[in-house]
Amino acid sequence: MNSVTALKRGIGAELYKFRRTFILWFLVLAPAFIPFINLMIFVKKGHELVGPEDNPWERLVQLSIEPANFLFMFFVMIVALFVSSIEHNSNTWKLIYTQPISRLVVYTSKVVVFLLMLLFSLLLFSLFSVLVGLLLKVLMPDLGFDQAFGMSLFFQLAIKVFLATLGYASLQFWMSQHWKNLLLPLGIGIGGWISFLILVQGWKYAEYHPYGFPMLGLGNYKDPAYEWLGELKFIYRSVGLAAVVFVLAGLDMVRKRVV
Amino acid sequence: MPEPIIQTQGLDFYFKDFKALDQVSLNVPRGSIYGFLGPNGAGKTTTIRVLLDLFHPKRDQVRIFGKELLDHREEILGKIGALIENPSIYKHLSGRQNLEVVRKMVGGKKERVDEVLKIVRLVDNADKKAKNYSLGMCQRLGLAAALLTDPELLILDEPTNGLDPSGIIEMRELILRLNKEHGKTIFLSSHILSEIEKLATDVAIIDQGKILYEGKLEGLKNEGNNLQLKVELDQVDTATKVLEKQGFVISEAYHNGLLLSIKTRQEIAEINQLLVASGVQVYQLSSSQENLEAVFLNLTKKLDQ
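Heads up: the protein sequence lines correspond to chains A and B, in order. In terms of our numbering, the first sequence opens at residue 1 and continues consecutively. In terms of our numbering, the second sequence opens at residue 1001 and continues consecutively.
Calculated directly from the structure, the hints in this document are not laboratory data. Any given hint might turn out to be false.
[What the hints assert, rightly or not] In the DMTMM-like style, the derived pairs of lysine to aspartate or glutamate whose C-alpha atoms are separated by at most 20 Å in a straight line are:
1) 8/A <-> 1100/B
2) 256/A <-> 1012/B
3) 1230/B <-> 1267/B
4) 1230/B <-> 1293/B
5) 180/A <-> 1085/B
6) 8/A <-> 1003/B
7) 256/A <-> 1074/B
8) 256/A <-> 1017/B
9) 1058/B <-> 252/A
10) 256/A <-> 1071/B
11) 1016/B <-> 252/A
12) 8/A <-> 1114/B
13) 1230/B <-> 1244/B
When you get a sec, could you build the whole thing from the sequences and use the hints?
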């Protein structure tokens, strides 16, 4: 059996086992949270938010991506816990590691599914946000949502957040795979993030803090001349870190004594 | 002798400084039901985890189907079904869906799921959520998962642990059926001697990481040529000291007596004299042929002394 077939099987099994779990709902409902709140805000207070000269889409982008960038941190931690705890809680590491598939393939399937979940939810979030704008165009015509706007910005920013997230996401994933304890990765994750918020106020190396890449890496998207692929150094750092951590975590899982 | 289906040679295994397995050499004959017997903590589960590469052995220590385990890991695991200690089951899925997860990993036809459900007699409950399963059903589901690839070799770690009597009987019948009708070699660990006695054709006894006996079950019974002597007396401590000084092996001490293993009837008189001479009141001496349990206890307790 070649490794592509094995990987397909691994991913297939991995996706199948999340049937009837809370996480599938979480992947769909969590991205709807911010768009839903935004819809409420625009319906109730749209006129206060948008001046007569403004393009309301710009306001919507800002109200979507900024809280999302903040909350996504917790989302990543929770998803990382979910994809690992499904094995920890059911004692199934020994089940999947005694199947005729190499440990590396089992591990890679998990990484792929984890990353797909994150990307899926982010893109869904962008889609929901655009739908909110289109809905407002119908519901509240006087807000001006009929003005021209490049909708692709929603998706571009989401992809940028995804890439900038990979660095710390890989750390969360490794910790969740390695430890059965749920609180440890959560505690370290929140600690990592808070430490960034403190360090960024004065420490010159804060820009190398993995939990800060998503905040620092988004760039000034409010600038009309903004190019989403312009400033990429945080993305490179994030992806580079992820590559290293995913490899180390893979070695760890391959060598691990499975109890 | 044909090549054993499992063969370990000089297998050592450490947890940090603790030597969990000490020169374990096993030869499991093809077609056998091989009982792997030992008290709790003797190294049974560790051995099994090593055989399945959950704990990595060193190269050339483990050969299965005549092939080196580490070099042919996936090929070998494809022909082994394993059930290790507590059940590995996704509780939120039904029994059938649990099997489906494994089937997706190993490939194979969808019909095989129904076949294995039939073998373990779980068809009626296949679509119930596994969290509503009894322990016996969980074990049977685990066995069904192990059977999905139609393996030549089954490695079962304490498969009757925690089951009620009817569950134990059911599991025992299932194991016998898999061996007789489906021709599978079964490697079975247990700390319950009577369990192994009813099933196994071959046994190995392990204690403190060392193999104390390996061979036919009948051979083990022959080891028990010894007589067992039960002495009722009043001063157990004094008696123990006196007898041990003379080199007798005491297998068990009770509040009102001792159990010893002896070679000849002559020794009974000797023991009596020794005890009387040291002022111990002897109330009763009774000897009997050693049963398997005594053999087992003797083998595993000798090390403590």
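The hints, checked one at a time:
no. : hint              : verdict
1   : 8/A <-> 1100/B    : 15 Å, holds
2   : 256/A <-> 1012/B  : 18 Å, holds
3   : 1230/B <-> 1267/B : 12 Å, holds
4   : 1230/B <-> 1293/B : 15 Å, holds
5   : 180/A <-> 1085/B  : 18 Å, holds
6   : 8/A <-> 1003/B    : 36 Å, violated
7   : 256/A <-> 1074/B  : 17 Å, holds
8   : 256/A <-> 1017/B  : 18 Å, holds
9   : 1058/B <-> 252/A  : 18 Å, holds
10  : 256/A <-> 1071/B  : 18 Å, holds
11  : 1016/B <-> 252/A  : 17 Å, holds
12  : 8/A <-> 1114/B    : 23 Å, violated
13  : 1230/B <-> 1244/B : 15 Å, holds
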